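Asker: If you read the protein sequences in the order shown, they are chains A and B. Residues in the first sequence are numbered from 1 upward in steps of one, following the numbering used here. Residues in the second sequence are numbered from 1 upward in steps of one, following the numbering used here.
None of these hints come from the bench; they were simulated from the model. Worth double-checking, as some hints may not be accurate.
Interface residues of chain B toward chain A, partial, derived using beta-carbon atoms under 10 Å [claimed, not checked]: (1) R17; (2) T19; (3) T107; (4) V127; (5) T279; (6) A293; (7) V329; (8) R330; (9) P332; (10) G334.
Below, in silico cross-link-like pairs of lysine-lysine (BS3-like), each with a Cα-Cα straight-line distance of 30 Å or less [what the hints assert, rightly or not]: (11) B:K83 - A:K289; (12) B:K83 - A:K371; (13) A:K129 - A:K243.
Residues of chain A clear of chain B, computed beta-carbon distances all greater than 10 Å [claimed, not checked]: (14) K2; (15) K19; (16) T90; (17) C95; (18) V101; (19) K110; (20) A139; (21) L175; (22) G193; (23) G273; (24) K274; (25) V313; (26) T380.
All values derive from a computational prediction rather than experimental measurement. Glycine is no exception: its CB is placed at the ideal position from the N, C-alpha and C atoms.
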Amino acid sequence: MKAIKGKPFFAGIHVRGKKSLACGHRTEIMPEPAEAYISLSQSLGKPAVAVVVKGQKVKEGELIAKADGAISSNVFASISGEVTDVRQLTGANGCSETYIVIKGDGTCEKAYLPPLNGPSAEEIKARIKDCGIVGLGGAGFPAAVKVAPRTAVDTLILNGAECEPYLTCDHRLMLENTDEIARGARYIAKALGVDKIIIGIEANKPDCIEMFERYDDIQPVILKKQYPMGSEKHLIYVTTGRKVGIGKLPADSGVVVQNVATAFAVCEAVEKGKPLYERILTVSGEGVKQPKNLWVRAGTCVKDIVDFCGGEVTEQIIKKDLQTAETDDENQTEKSAVKKVVQGGPMTGLALATYDVYTHKTTSGILLLTKKEAAAEEPTPCLNCGMCADACPMHLMPMQTAFYSAAGDFDTAAKLGNTLACIECGACEFICPAKRPLIQAIRKTKAYVRSKEAPLPDAKPVDQKGRSAPTVPLTEDGKIVEKPVMQKIDESVKNSEGELKNAAVEKITEEVKKQAEKEEK
Amino acid sequence: MDNSIVISTPPHVKSKRTTKGIMLDVVIALIPAAVMGIVYFRLNAFILILTSVLAAVATEFVYYFIANKGFSDKCRHAGEVCKKWWKQFDFTSIVTGLILALILPPTVKWYEVLIGAIFSIAIVKMVFGGTGKNLVNPAATGRIFMFLSFSITAYSVCKIAPVADGSEIFTGATHLSGFLLDGNKSGHIAWLDLFLGTGVAGCIGETCKAALLLGFIYLAARKVIKWWQPLLYTALSAFLSVCLAAIGSKTFEIGLFLDYALSGGLMFGAIFMATDYVTSPKGVYGQLVYYVALAVLTSVLRYLTKFEVVSFVIMLMNLLVPLIDTYVVRKPFGYKKVKTQKEGK
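Given the sequences, and given the hints that come with them, work out the whole structure.
Answerer: Below, the structure is given as structure tokens:
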């Protein structure tokens with residue numbers, strides 16, 4: 001179908017894409033890791049429950065952990081080998097997670113489910129659940145919940161916006177696996193019982209738009225190059241003109257949104273019976289030698305991925321005293337140019353403290369940012385310029401949240417800033433000329449409000465006097481220390497984020513349970 | 001990966017724009033007006049601008065040095081404190097000093113400007129917490145302070161021979177007090193003269209509207225200010241003035257629209273003072289309310305007081321900004337009014 005233009009939307013920001021770093025590279029397959037550390041919490045919701053024991057032999061694609069409850073997903077072995085350990089490790093976000101360690105035996109034995117031929121809607125739904133498919137856009141919402149909406153839907157939207165800078169994995173996937181995505185979309189549409197399929201693609205990917213114009217049943221929509229176009233609510237508005245209410249699901253507006261990578265995974269699951277244990281991710285940034293798009297199995301160490309891409313870019317420091325040294329080699333020492341390592345996209349991703357973390361099936365990128373890119377500048381006083389409010393796609397007032405939360409008045413912060421409607425896209429902090437840590441303030445406020453609304457048994461109250469930015473300290477002798485600000489996140493923020501996620505998930509789980517009970521009656 | 005790695009909440013990339021850059025843009029936008037002021041009013045204007053800017057920056061530095069704890073410590077490490085000050089210096093005091101000088105008549109004495117600039121920075125800005133914390137526009141308040149403290153005549157009437165023709169013409173501190181308000185037809189000045197500032201007496205930076213327009217275009221192009229804000233203020237205020245004049249004279253002369261728009265400190269105030277980030281509302285709807293209120297107050301007060309009131313009006317509205325920010329709030333995207341008593345979340 002001929003591509004059409006989306007509805008205009010006046011907010012958001014223009015970010016320099018930096019997509020050219022990796023988008024020209026064909027996807028490569030990352031070699032199997034010797035050891036895979038597979039996390040049990042690979043999706044939004046409760047962690048899965050391990051069904052294997054230490055010493056057990058597993059095959060590639062074998063179920064190793066079962067979903068626990070409605071909002072959870074199955075986890076599969078990404079390599080064949082032996083389970084050597086089931087243990088607790090600190091994950092990328094600083095929270096403790098359970099990992100299953102598999103030592104590979106290199107046999108590549110596969111244990112897939114039987115392929116389906118001409119499946120019915122129910123069969124597809126069951127297959128999506130069995131294969132542990134989650135939303136691959138980043139949040140990792142279990143796809144099985146999405147394809148079984150509570151309200152009637154009439155449209156399926158495929159999200160091919162990929163509005164995050166640097167990331168190109170969806171772009172490559174759309175170019176190289178167009179047919180699979182289209183078939184996967186048809187399977188999802190069949191499961192939902194809808195026949196209208198829309199794919200939203202940002203205008204900076206004309207080649208992808210062209211590819212999808214070939215299909216008669218898929219309507220490509222050209223999105224303006226604007227961040228955050230890939231946000232579910234805004235994608236729905238731009239492609240269909242419908243607005244999703246605050247705190248509502250897209251299904252309430254009759255729409256289901258799936259990422260293109262999810263559609264691809266559904267196609268593989270249906271046609272090959274392949275469970276979701278590997279995904280395509282982008283390794284990019286000016287700090288990495290060879291930016292690449294890679295097929296990576298879940299549980300691969302980030303260090304291996306970086307090494308596979310040539311490692312870190314180093315900058316040479318030339319020693320000052322040229323007189324004594326004679327050869328060039330003695331003259332120079334090398335220092336890593338990497339200032340920040342990000343898992344996911346640069347606007348919403350997670351900054352890593354170490355390379356010893358392992359990929360999940362939701363990891364969409366590994367970015368090695370140099371000092372110039374990472375822009376870790378000290379915040380200056382807020383000017384009240386209102387640029388954050390202008391940039392906010394949700395029409396909120398981030399500066400109010402930051403102002404009141406810094407004073408410890410979280411209730412006013414949430415009320416005036418309308419913080420609970422925030423989608424945490426990061427547009428406000430990107431545009432802020434004073435470089436204020438707005439997202440941090442917003443998360444803190446959200447955590448406070450949620451902990452007040454639904455106190456969890458082990459919830460620690462957020463520090464009332466918590467300042468959003470650490471001040472520059474003076475040493476004992478009164479000298480001013482130059483210290484990069486925001487080197488460490490406040491522990492309380494980290495913890496509260498984890499709690500926040502859990503609280504939100506439990507809420508949804510309860511709702512789903514109630515719904516199920518009602519249906520049974 | 002070494003120890004210098006940075007961890008923070010997202011986003012991990014940020015725009016290149018900084019506070020310093022924005023303030024530098026404002027200074028650049030003010031340069032044409034300052035240059036034209038110096039061209040028209042010569043040495044007087046130059047001395048005033050220089051005094052004002054230097055006094056403003058010096059006050060900020062001295063305040064930075066004295067305020068807060070550890071004065072003796074700071075004296076011992078004066079060099080480092082200076083370095084640190086320079087690092088956080090964001091050109092806001094230069095902007096304040098420049099604006100203050102540009103809204104003064106050239107007949108003002110240099111020591112008056114000195115006191116005014118010190119007042120603007122120390123009392124209006126720094127005491128409230130420095131950049132971003134002041135309640136009212138420092139330059140506007142500084143002018144009002146000088147206006148009330150020193151001889152009022154100097155600020156309301158100035159007789160100075162402009163460069164264009166040697167003759168002494170009767171005008172007020174601005175063209176406004178001459179023709180439009182007293183109805184003195186002989187004081188009528190051609191629109192082109194008004195626009196270029198030739199043959200018009202007035203404040204240093206306010207006479208040459210062409211220079212102001214240049215600054216406006218620069219600021220709007222650099223997206224420092226929103227282009228519709230000064231336009232709304234100027235146009236609405238001029239239109240309301242025409243309407244009010246029509247009430248008095250029973251004749252509706254739309255031809256006076258340009259006279260009102262181009263005369264006095266309206267354009268300067270609309271472009272450089274009302275749009276000051278710190279003291280204007282943050283949300284779009286709040287800004288709309290703010291500029292409409294400014295325009296209404298300006299035209300009504302101009303009509304009633306026969307004075308140039310832009311600085312007063314801006315200061316007055318600045319004080320209402322926190323109220324506007326609290327009550328004029330945009331509804332979030334996707335907000336639907338819930339019919340029941342419960343607020344939609």
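Asker: Hints broken by the structure, by number, lowest first?
Answerer: Failing hints, ascending: 3, 4, 6, 11, 26.
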